[in-house]
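Participant: So you can see what is in the structure, the chains are spelled out below.
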Amino acid sequence: MTFDLQQILASKRAFRHALAARDIVEKLALLDELRARTLTLRPAQKSGRDSQTLREEPTPYRVDTKSNPS
Amino acid sequence: MNIAQVITTINQMQADGVIEGYAIGGVVGATFHLEPVSTLDVDIFVAFRHEPGSLPVSPQPIFTYLAARACHMEGEYVMIAGWPVQFLQLTGPLVEEALADAITVPVGETPARVFTAEHLAAIALQVGRAKDKARLLQFIESGVLDSDRFQAIVARHHLVEAWQRFARQFLNDTP
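The listed protein sequences correspond, in order, to chains A and B.
Sequential numbering of the first sequence, starting at 1, is according to our numbering.
Sequential numbering of the second sequence, starting at 71, is according to our numbering.
Read the hints as simulated data drawn from the structure, not as lab findings.
From a predicted model like this one, the values you see are computed outputs, not experimental measurements.
Treat the hints with care, as some may be off.
Here are a few chain A residues that sit away from chain B, every Cβ distance over 12 Å (derived from the structure) [to be verified]:
(1) Thr2
(2) Gln6
(3) Gln7
(4) Leu30
(5) Pro43
Straight-line Cα separation of at most 25 Å, SDA-like style, residue types lysine to any residue; simulated pairs [what the hints assert, rightly or not]:
(6) Lys201(B) / Pro60(A)
(7) Lys203(B) / Thr2(A)
(8) Lys203(B) / Met1(A)
(9) Lys201(B) / Arg13(A)
(10) Lys201(B) / Glu33(A)
(11) Lys12(A) / Gln84(B)
Beta-carbon label-pair distances, calculated as ranges [said to hold, decoys possible]:
(12) Gly87(B) / Leu5(A): 51 to 57 Å
(13) Met1(A) / Gln130(B): 55 to 61 Å
(14) Ser108(B) / Asp23(A): 46 to 52 Å
Backbone N, C-alpha and C fix where the C-beta goes; we use that ideal spot for every residue, glycine too.
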C-alpha cells in the first residue's frame with residue numbers, strides 16, 4: 001500500500017488496461033453483471049411508469065455537425 | 071440478462087433480411103475497445119433495406135420481427151434477453167461512415183459488428199456531453215486510437231474546432 005498519488009494513478013491505469021485486455025466474452029459478461037447490480041441497487045419507483053426498465057438519457061446523435069457548436 | 075444473446079438475435083434479424091446491416095455503438099461498442107463501464111442499454115445502429123422511390127424507412131419491421139420472438143417494447147426500447155435495446159437510424163454522415171467501416175469481432179462463436187475505436191471517439195466528440203468527453207478521454211488514455219485515422223475522421227466531419235476545444239480543455243496543462 002502506498003500514499004504516493006503518482007503510484008496510485010499508475011496502478012489504476014494498469015488495472016484499467018488489464019480489464020480492457022480481457023476477452024470480449026468476459027467483458028460483455030461484466031456488463032451483464034454491472035447492469036444487474038445497478039437494477040438491484042436502484043431505489044424503488046413510486047410511479048407505475050414503465051415498471052422494469054431503468055433508462056439512460058438517449059444519446060442525441062447529431063445530424064448536422066456544422067450547425068451544432070459544442 | 072445476456073448481452074451476447076442480444077448480438078445473436080440481431081445477427082439473426084440481419085440474416086432474415088429485416089435489416090441490411092448494423093453496428094454496435096455507445097458504451098457497449100466502446101467495451102470492445104476499452105475496459106467495461108456500467109451501462110443500462112444497448113445502442114444498435116441499423117441500415118434498413120430501402121428501395122429507391124419507396125416510402126420513408128420505418129423501424130416497424132424490426133419491432134414486428136422481435137415481437138414475434140417474445141421481445142416486448144418498453145418506451146423507445148425493445149427488450150431483448152433482458153437488455154433494453156435502442157435501434158438508431160443513421161442520422162448523419164459520421165454515423166453512416168462509422169457503419170460502413172464497422173469491424174467484425176468474434177464474441178465466442180458469434181460475429182459482432184462494432185464501430186471502430188476511432189469512429190466511437192469521433193462520435194463522442196461530436197455528441198459532446200460530459201460523459202461523452204469522459205469516454206473520449208478513455209479512448210485517448212488507453213492508447214487504442216490510431217491518431218492519423220482519428221484526425222482524418224475529425225477533419226472529414228468538420229470536428230476540428232470541437233477537437234481543438236477538447237484538447238485545450240482536457241489535454242493541455244494550461245486552460
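Participant: Against each hint, give a clear statement of whether it holds in the structure.
Facilitator: Results for each hint:
A cut-off of 12 Å between C-beta atoms confirms that Thr2(A) is not in contact with chain B; the least separation is 21 Å. A cut-off of 12 Å between C-beta atoms confirms that Gln6(A) is not in contact with chain B; the least separation is 15 Å. Every CB of chain B lies more than 12 Å from the CB of Gln7(A), the least distance being 17 Å, so the non-interface label holds. A cut-off of 12 Å between C-beta atoms contradicts the statement that Leu30(A) is not in contact with chain B; the least separation is 4 Å.
Consistency note on Pro43(A): stated as away from chain B, and its beta-carbon is indeed over 12 Å from all of that chain's, at 15 Å minimum. With a C-alpha separation of about 12 Å, the suggested pair Lys201(B) and Pro60(A) falls inside the 25 Å cut-off, and the hint holds. At most 25 Å may separate the alpha-carbon atoms for a hinted pair to count; Lys203(B) and Thr2(A) exceed this at roughly 30 Å. In summary, the hint linking Lys203(B) to Met1(A) is not supported, as the alpha carbons are separated by about 31 Å, beyond the 25 Å threshold.
For the given pair, Lys201(B) sits about 19 Å from Arg13(A) by alpha-carbon distance, which is consistent with the 25 Å threshold. With a C-alpha separation of about 21 Å, the suggested pair Lys201(B) and Glu33(A) falls inside the 25 Å cut-off, and the hint holds. Restraint check for Lys12(A) and Gln84(B): the C-alpha separation of about 40 Å exceeds 25 Å, so the hint is violated. Evaluation of the 51 to 57 Å hint for Gly87(B) and Leu5(A) yields a pass: the beta carbon distance comes to about 56 Å.
A C-beta distance of roughly 58 Å is found between Met1(A) and Gln130(B), which places it inside the suggested range of 55 to 61 Å. In this structure, Ser108(B) and Asp23(A) break the distance hint of 46 to 52 Å, their C-beta atoms being roughly 19 Å apart.
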